[in-house]
Amino acid sequence: MSQERTLTDLFTERAGQAGVAVIAVGSADEAAEQTVALCRERRVRRAVLWDAPDVALIQERLRAAGVEILDPRARFETLAAAEIGITGTEAGVAETGSLVLSTAPGRPQAVSLLPPVHLALLRADQIVADPAALLDRRGPLPSALVLITGPSRSADIGLVPVLGAHGPTEVIVLLIASPMA
Amino acid sequence: MREVALFVTCLVDQLYPQVGEAAARVLGRAGCAVAFPRAQTCCGQAAFNNGFQEEARTLARHFLEVFADAPAIVAPSGSCADMVRGWYPRLFADAPGLSGLARSVASRTYELSEYLVRVLGATDLGARFPATVAYHPSCHGLRGLGLLEEPLSLLRAVRDLRLVGLPDAEQCCGFGGFFSIKYAALSGAMLSAKIDTIEASGAEVVTATDVSCLMHISGGLSRRGSRVRAVHLAEILAES
Amino acid sequence: MPDCAPRIDMLRNIERALRDESLQRQMAKAMPASRRARAEAAAELPEWESLRSAAAEIKDHVLANLEEYLARLESRVSALGGIVHRAADAAEARAIITGLARSHGALRIVKSKSMTTEEIRLNPALEAIGARVVETDLGEYIAQLAGERPSHLIAPVIHKPTEEISDLFARKLGTPRYERPEDLARVAREVLRAEFAAAEMGITGVNFAIAETGTLVIVENEGNARLTTARPRVHVAVMGIEKVLPGLADLGVFLRILARSGTGQRASAYVSLLTGPRRPGETDGPEALHLVILDGGRRRLLADEAMREALRCIRCGACQNECPVYRHAGGHAYGSVYAGPIGAVLTPAYEGLERARDLPFASTLCRACAGVCPVKVDLPGMLVELRSRAVRAGLAPWRDRMLVGAWTFFTRSPARFALGGALGRLAQRLLARGGRIERLPPPLAGWTAHRCAPVLAPRPFRSMWRGPRGGRG
Chain B
37 MSQERTLTDL FTERAGQAGV AVIAVGSADE AAEQTVALCR ERRVRRAVLW DAPDVALIQE
97 RLRAAGVEIL DPRARFETLA AAEIGITGTE AGVAETGSLV LSTAPGRPQA VSLLPPVHLA
157 LLRADQIVAD PAALLDRRGP LPSALVLITG PSRSADIGLV PVLGAHGPTE VIVLLIASPM
217 A
Chain P
120 MREVALFVTC LVDQLYPQVG EAAARVLGRA GCAVAFPRAQ TCCGQAAFNN GFQEEARTLA
180 RHFLEVFADA PAIVAPSGSC ADMVRGWYPR LFADAPGLSG LARSVASRTY ELSEYLVRVL
240 GATDLGARFP ATVAYHPSCH GLRGLGLLEE PLSLLRAVRD LRLVGLPDAE QCCGFGGFFS
300 IKYAALSGAM LSAKIDTIEA SGAEVVTATD VSCLMHISGG LSRRGSRVRA VHLAEILAES
Chain G
258 MPDCAPRIDM LRNIERALRD ESLQRQMAKA MPASRRARAE AAAELPEWES LRSAAAEIKD
318 HVLANLEEYL ARLESRVSAL GGIVHRAADA AEARAIITGL ARSHGALRIV KSKSMTTEEI
378 RLNPALEAIG ARVVETDLGE YIAQLAGERP SHLIAPVIHK PTEEISDLFA RKLGTPRYER
438 PEDLARVARE VLRAEFAAAE MGITGVNFAI AETGTLVIVE NEGNARLTTA RPRVHVAVMG
498 IEKVLPGLAD LGVFLRILAR SGTGQRASAY VSLLTGPRRP GETDGPEALH LVILDGGRRR
558 LLADEAMREA LRCIRCGACQ NECPVYRHAG GHAYGSVYAG PIGAVLTPAY EGLERARDLP
618 FASTLCRACA GVCPVKVDLP GMLVELRSRA VRAGLAPWRD RMLVGAWTFF TRSPARFALG
678 GALGRLAQRL LARGGRIERL PPPLAGWTAH RCAPVLAPRP FRSMWRGPRG GRG
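Chains as they are written, first to last, in the numbering used here: chain B, 37 to 217; chain P, 120 to 359; chain G, 258 to 730.
Source of the hints: derived by calculation from the structure; they are not laboratory data.
For each residue, glycine too, the CB sits at the ideal point set by N, CA and C.
Some chain G residues judged to face chain B by a derived CB distance under 8 Å, without partners named: (1) Lys-286; (2) Val-414; (3) Leu-441; (4) Leu-449; (5) Thr-472; (6) Glu-479; (7) Thr-532.
With the Cβ distance kept under 10 Å, some of the chain P side facing chain G (calculated, not the full set): (8) Val-138; (9) Ala-143; (10) Arg-157; (11) Asn-169; (12) Phe-171; (13) Glu-174; (14) Ala-308; (15) Ser-341.
Start from the sequences and build out the full structure, keeping to the hints where you can.
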């Protein structure tokens, strides 16, 4: 358990350094509340969420708050109109502060890629030490498994870092404390 | 008493004999009996680095003959010591008569500061050098022989010497043997960057383990009319 | 074809680069920053050196069993529903890919950064069949707009100052003259989003291909490779034969060293592990996946024992960032796709030593590259080897033969050495003033164009030596 706490701290530090806003929450309910607040701050009118049980509660609350929910199976161009994309995660990587996402029906890459803001739910007990630890114990692979470390970026012009080169400008992680902790 | 054969290197012999004198004095002060095998000439590095391996082998064969029986071979040059240690065994890998000798001579060859610190365990040789000094780690000493702490610890022990850091110290001065003639302008641009950092360091003297780099740096300093002097590490250690 | 291409005149290219003030300013700013970033990222991992060794060992193991791993990769990719194509050379690879564009009726093409497609000169071939090909990596997009080749493995327009890019956008895209990189990047994002939306085929490189799972791994920061592989209905991935890794566990090692070596990041923003085409019920990812595996001179390199380990290269760019020659010469001076120390090794291997004879000589052999290479390629050792091959092949210029010949003549025995010294002392009476030489005649004139030459001492060391000494303790 103490090791888990260390990994959580390291993840939070490293993800922060990669430009991710990590917000610790105590429960799924709190995560949903936070999401509604974050969307309100950003005046989000349209959101797209993974079709997944872990974000179902968020979807319900957002809809109740008047946010239009787009179907994640919609066309690329439609999804590009969403102001936030909300996903679960399969794992977090402490050494690099990375999120690990798997595609599946109803969970296309577009959700974490097209909108300017990507919000991901992560449970503390999903965090592993480093990329090697993630890959060593891997089962069957999805059509796309993506490690995401911070927002989309480029330093191609004048070596000046620019965010949102093609993907999101902002990545937010709602880190849910594990039930054990 | 340790017996040491001094390989002064061709450049020291013809251009900077005072560096050979200083190296001999320093080794003597450290308790060595110093010999100078007169038949020595050049290790062949310049030809080797320029792709002329047959010519390099000719010179290397001569070196092996001259130093075959020396208990330890010490050179005031990281790049020549690295040539003997790093490349001779490979140059003669397929020569049945010489491969063993090449490996054995290679294992007995040292750069001066390396021999003083690593083999003799000596850092304070009683030198006094009242000046502000910057150290340029020559590439082959630094990355070939892994020398950095050795020369620095020797310099730190010199009385009245103020050691200053050199920005981007590990950057090559641009010499590179025949490279400095073939790609003279590029070599000059690298030299110019090195001289900028030397002047910015506030040093009165720049030192190194190799006269080849110092020859290059000194040529750049004097072309620029700089007051900074280029002095070999052995010369500093020999001052008292 | 490559064998009859004209010789790369590196000396002339370098001299042009040295006169290019904006290039010099840009490189002076960019290179030290890149070096520092790498050094800090490497220092953060205590096991850095053992990771390098592990990575080198994995690559060597793959190279020793290459055909087996390629066969396994091919069968895994095929089992997943992908189609594998083997290309012996650039022409074959171009023919395969243009054929795919035709047969899929996919002439709107987006590309993400790929050195291998640069190597096979893919874009002109696609344009020749009427395809519209758009590079989507920001740097590559800029290079494409400028009609240039990328000058760095991971930072394609590192040589270009922002003002120049601003001018380029104004000229080609009709934008206002934006000064801030973020404004220029936003323009490119908007233009390229439209390209993605219309694209029918996406072409990418491959950083690693996992034999065990048939997974293609693409590492990037911008997200354009994700878009290139997620949106168009056809994905064509192009890789050299050396990109294959045995299993996922091996990938872990490389993911830990690649970004740290390249950009100094702990991880690149996106690492995509793509395993087969789109699956039932999914709404993005390609319907058709093609993997083109290129030889292009690599098997010849593999058979060359002294040079083989160059195939370990993972294209991180660390050797370029570290190289003082690259810093001053810029990538374009190397006259081909791969620049810097690794370019000086790969270009002779892929395009012939005759054409690329200058490249291995354009180095001081300072070995900075060897110290940072994450897969421990002995770049300086290979440069030395290539130099020796050039000399043996009679490719050394007359001046080198003369200088080395004279040097060897005068150093092969002590008597000749003394004679050479004496002749030199005579000659320098005409040249030396005040303890130095300001101007030397050809072929040494280059030296004194940039620095003073030293004078021979009045007497050599050997004539000053008074016999054994020392031992006072």
